[in-house]
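Visitor: Residue numbers (the working numbering), protein chains in the order written: chain B, 1 to 384; chain G, 1 to 121.
Quick caveat, the hints were computed from the structure, so don't treat them as lab data.
A hint or two may mislead.
[Unchecked claim] DMTMM-like, lysine to aspartate or glutamate: derived pairs with alpha carbons at most 25 angstroms apart:
1) G:K5 - G:E82
2) B:K364 - G:D101
3) G:K102 - G:E82
4) B:K305 - G:D76
5) B:K364 - G:D76
6) B:K151 - B:E292
7) B:K305 - G:D61
8) B:K364 - G:E89
9) B:K364 - G:E82
10) B:K305 - G:E82
11) B:K151 - B:D121
12) B:K364 - G:D119
13) B:K364 - G:D110
[Said to hold, decoys possible] Okay, the calculated bits of chain B under chain G, using three or more residues with CB under 8 angstroms as the criterion:
14) 262-271
15) 327-338
Each residue gets a CB set at the ideal place from its N, CA and C atoms; glycine is no exception.
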Amino acid sequence: MSDQPLKRTPLHPAHQALGARFVPFAGYDMPVQYAGGVLAEHRWTREHAGLFDVSHMGPAVLTLDEPTGDADADHAAVAAALEPLVPGDIVGLKRGQQRYTLLLNASGGVIDDLMVARPLDEGRQGSLYLVVNAGTKEGDFALIGQAAAGKATLHPLAGHALVALQGPEAAAVLEALLPEAADLVFMQTAVMHWQGEELTVSRSGYTGEDGFEILVADAAAPALWARLLDDARVRAIGLGARDSLRLEAGLPLYGHDLDETVSPVEAGLAFALSKRRRLAGDFPGAARLQAELDAGPSRVRVGLKVQGAPAREGAQIADADGRIVGRVTSGGFSPSLSAPIALGFVPPALSHPGCVLNVIVRGKAQPAEVAPLPFVAHRYARKA
Amino acid sequence: MHFTKDHEWVELDGDVATVGITAYAAGQLGDVVFVEVPEIGKALKAGDGMAVVESVKAASDVYAPVSGEVVAANGDLPGTPEMVNQDPERGAWIARIKVADKSQVDALMDRPAYEAFLDTL
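Chain B with its partners taken away, still in its complex shape (with noise of 0.2 angstroms):
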């Protein structure tokens, strides 16, 4: 354990104040719950408008060195000094555009999962929006800063804080404040303006509702959380049910059910794999996953409905037979579905949707039916 005292994020006081109970995460103080707990909290997003701060992730903007001022060779130059290190198409982005893609070691791991966009603005072109996780910004910052070095710097953007605004409420909430919020649809980003202050708005979110996430200057980020919570239709939610959200969402979480040994064809996300780049096989252990694309991968992940006790991290799967097969990376309780569910990897042939496995919890057997993913239908705001 790490003896360096936790971080705050500038929000810290609002949360204290709003009685949350603080749980320390990726070298933060943050907030798991506040006052009504996760099960409320995870209910009011599905239903209204949950807000979160996500300060501890990483976001940075990676800048062209030397831009010409044509803003789409600008673009391609600085997609082409990230590319090297991730499966997307980013050189392809439109203005205004975002793509989630891999960090990716040279046998095909994932390192991080991140959001990478490009401006809308004509005078931002030449340069890249990021947000990586929180656990793994220093390593990223470091391999994305040293693979760009001599044509694109990379600028973490210390003394920003990030939140969430997200659930079937969340866009007539910000659209009351920021109408140019209504024209973004699902994983587009603009740059807007509320008070003076720049904001950095994105339609996007980890819960798998519609929603945005909104990067704010530090010394801004109290008055534009507490003007969004001045809406009835808001209530801020803590860690725990971000993650229960997301859990019914279907979404992996780096750390859980992503890490260095684990392939994105392995972990559902071959989306990621844009086209362009898995016929030029120009990313790191593109041969692994073309490998991968071609054979089938030797494990999938899955999704898991528990009976009985939920199944935690680690917790081993088996087949009908009692043989171990897999492992649980992510499980906890549905407070949508009122059962548990889980997310766990095992082998192509036992991955259907109805296939009935076991967990072991507690050295007990418990059926585990595989299920679609998502456990809770994405409802993203779409281009119609």
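Fit chain G to the known structure of chain B by using the hints.
Guide: Showing chain G alone in chain B's frame:
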């Protein structure tokens, strides 16, 4: 009522001890979503795991505060685990244990001592 440092409560009636988890423990756990109660007839030594209470986030063992035999278990809890949050120190009793040695109960904290203990946490 007596209390353990693991936040179980014990109420002795004759030689039968009713056992549950304290309001403090329930509050710390948060929303309880699963309870496993012990089987009737199970012989327990003080300190043995006797039940499991799980919140959304984590599983927590409940330890037998005293030695003895399980003579009853609260069959309502597995179907309504939220009772642990709603009524932890009464309705959400977990098991009744026929105690072998009643002095084990006297050795536990009384309420003022438990509250003083909570102040140290």
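Visitor: Go through the numbered hints given earlier and state which of them the structure violates, listing their numbers in rising order.
Guide: 2, 3, 6, 8, 12, 13, 14
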